[in-house]
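2 protein chains.
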Amino acid sequence: MLERSESQSPSNRLPDRLPDQLSNRPSRRLPRTPLWRRIALDIKAAIAAGEWRAGDKLPPEGDLAARFNANRHTIRRAVGALAEEGLLLVEQGRGTFVVEETINYQIGARTRFGENLRDHDRKVDVEILAVEEVFVGRDIANPLEVAAGSLCVRLQVLRRSDGKPLCIADHWFPGERFRPMAGLFAETKSITRSFAALGIADYKRRETQVAARLPKTWEAAKLEIPRTRPLIVTSSINADPTGTVIEYGVTRFAGDRTAIVFES
Amino acid sequence: MLERSESQSPSNRLPDRLPDQLSNRPSRRLPRTPLWRRIALDIKAAIAAGEWRAGDKLPPEGDLAARFNANRHTIRRAVGALAEEGLLLVEQGRGTFVVEETINYQIGARTRFGENLRDHDRKVDVEILAVEEVFVGRDIANPLEVAAGSLCVRLQVLRRSDGKPLCIADHWFPGERFRPMAGLFAETKSITRSFAALGIADYKRRETQVAARLPKTWEAAKLEIPRTRPLIVTSSINADPTGTVIEYGVTRFAGDRTAIVFES
DNA sequence: ACTGATTTGTGCGTATGTATC
DNA sequence: TGATACATACGCACAAATCAG
Chain V
1 MLERSESQSP SNRLPDRLPD QLSNRPSRRL PRTPLWRRIA LDIKAAIAAG EWRAGDKLPP
61 EGDLAARFNA NRHTIRRAVG ALAEEGLLLV EQGRGTFVVE ETINYQIGAR TRFGENLRDH
121 DRKVDVEILA VEEVFVGRDI ANPLEVAAGS LCVRLQVLRR SDGKPLCIAD HWFPGERFRP
181 MAGLFAETKS ITRSFAALGI ADYKRRETQV AARLPKTWEA AKLEIPRTRP LIVTSSINAD
241 PTGTVIEYGV TRFAGDRTAI VFES
Chain F
1 MLERSESQSP SNRLPDRLPD QLSNRPSRRL PRTPLWRRIA LDIKAAIAAG EWRAGDKLPP
61 EGDLAARFNA NRHTIRRAVG ALAEEGLLLV EQGRGTFVVE ETINYQIGAR TRFGENLRDH
121 DRKVDVEILA VEEVFVGRDI ANPLEVAAGS LCVRLQVLRR SDGKPLCIAD HWFPGERFRP
181 MAGLFAETKS ITRSFAALGI ADYKRRETQV AARLPKTWEA AKLEIPRTRP LIVTSSINAD
241 PTGTVIEYGV TRFAGDRTAI VFES
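Chains as they are written, first to last, in our numbering: chain V, 1 to 264; chain F, 1 to 264.
Honestly, the hints are just simulated from the structure, not real lab data. Among the clues, some could well be false.
You can't tell identical chains apart in this list, so a pair holds if it fits in one copy or across any two.
[To be verified] With a cut-off of at most 20 Å between alpha-carbon atoms, the simulated EDC-like pairs for lysine to aspartate or glutamate come out as follows:
1) K44 - D139
2) K204 - E263
3) K222 - E91
4) K216 - E91
5) K189 - E207
6) K57 - E219
7) K44 - E101
8) K164 - D56
9) K222 - E176
10) K44 - E91
Please build the complete structure, drawing on both the sequences and the hints.
As structure tokens, this is what we get:
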């Protein structure tokens, strides 16, 4: 836990020289900005420059003290200011982190994936991970309101926002009627448009369940998060205007990059 | 990893006796049920008898093989069937678990904590962890729609359902008007009733944000979960009929015991 | 970041009982 | 009776995921 190398003995009460920063100020008379404030700006600049990115852990206060040639108390003041600003997050015993810009993913009865994020000037991108026809088990058959063992279409996609993985979604579509979905989605890259091609002009989200769990290895890899960071898992049922279920979806969001917002 | 003691040498091509199970069949001619199916029933019975309870980990397949005097493949078949039924959950590298009955916590515009769970014949219980008057920072002031540094009331409670910790909730109430909340809640054990005592007959949940993260040590302790299991964190804003914000709440649920359900 | 131990997943080979033609 | 196909069961080996140190 060594703070600085100098003045280790308590007898040495007075520093033998001024800290570098004080002599390092602009040539004359200009209103000097406090050291902690300059350090705060430096840290901010370093983050802006990409040295530490959203979610990264800053070096321990001791290391920062060495780097900026200041006392740990001074560092704490700078970090405290940035934390108050909301740029940093300080956690006792863990460290100091650059707060992640969380994406607020709005969910309502008429949530459509594409529209949701386009408002935020984000580039949305879809990668198809799997398309297949499967005989579904009870877990999928129940929400789809079909018999267990029915033939259904499964579509698994990875959605990115600004190039960063946002979520992995599994979509199930019930029965023969939706066999063309596989091809349609590959073409349109949109579930809404694929539905439209099948003559379904409108549909509504009936209910959404939210849970949290840790990712499996492949999920963590695809979402580019550590395996120790939790997922938000939403399960939702979409029905056409007659009330027939036309899709059941399970979506996994990177838990610390995303917040799901429900309006009521 | 000894499977069976017999016939370890590959030179011994022919088993010297019939496997136990085949000679072990019902006395005569009755249609014999396959071993894997009988084992599945045995496991089911053991769970029903309370030998393994919801959330428990079953012994490894090897141990089960020894116990049921069968090959691991046979055990896997039995376990696979029960997993398909939804009674067991198999996780590679971790083990096989009896599925937990997850609590579906319904959220809508008029969600009231007490009413939510009483329907399920659960005993609801509230423990007050903290009550205080605080000058709130930006993070709380913003959703409450008051100035940063305002005096507010903070109430932190641990809610149990059937004795098991369900969630930790922080409630903030804005300004002078709600100073009596501290005492009122201690008396009524209910936010709705406390509001009523203050002349607020009705209020609505305006919006709810859902996120996930790992618990801090004290949260894990209070919720009685390991630190490696994620929390579901909901943040919600409640407003009275005039639209004035009267409460901001942050609630942490045990992620693997709970699913939050939103209707739309 | 690595290691070894634990546990499930998968594939191959063998043997035997059962149903069908 | 025999040929064939399928379901059941055992044995072995290694891959893959998880976890504790």
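Do the hints match the structure? See the list:
| no. | hint | verdict |
| --- | --- | --- |
| 1 | K44 - D139 | between (48 Å within a copy, 19 Å between copies) |
| 2 | K204 - E263 | both (15 Å within a copy, 11 Å between copies) |
| 3 | K222 - E91 | between (27 Å within a copy, 19 Å between copies) |
| 4 | K216 - E91 | between (26 Å within a copy, 10 Å between copies) |
| 5 | K189 - E207 | neither (24 Å within a copy, 30 Å between copies) |
| 6 | K57 - E219 | neither (23 Å within a copy, 22 Å between copies) |
| 7 | K44 - E101 | within (15 Å within a copy, 47 Å between copies) |
| 8 | K164 - D56 | within (15 Å within a copy, 36 Å between copies) |
| 9 | K222 - E176 | neither (31 Å within a copy, 49 Å between copies) |
| 10 | K44 - E91 | within (19 Å within a copy, 43 Å between copies) |
Violated hints for the displayed structure, listed by number in ascending order: 5, 6 and 9.
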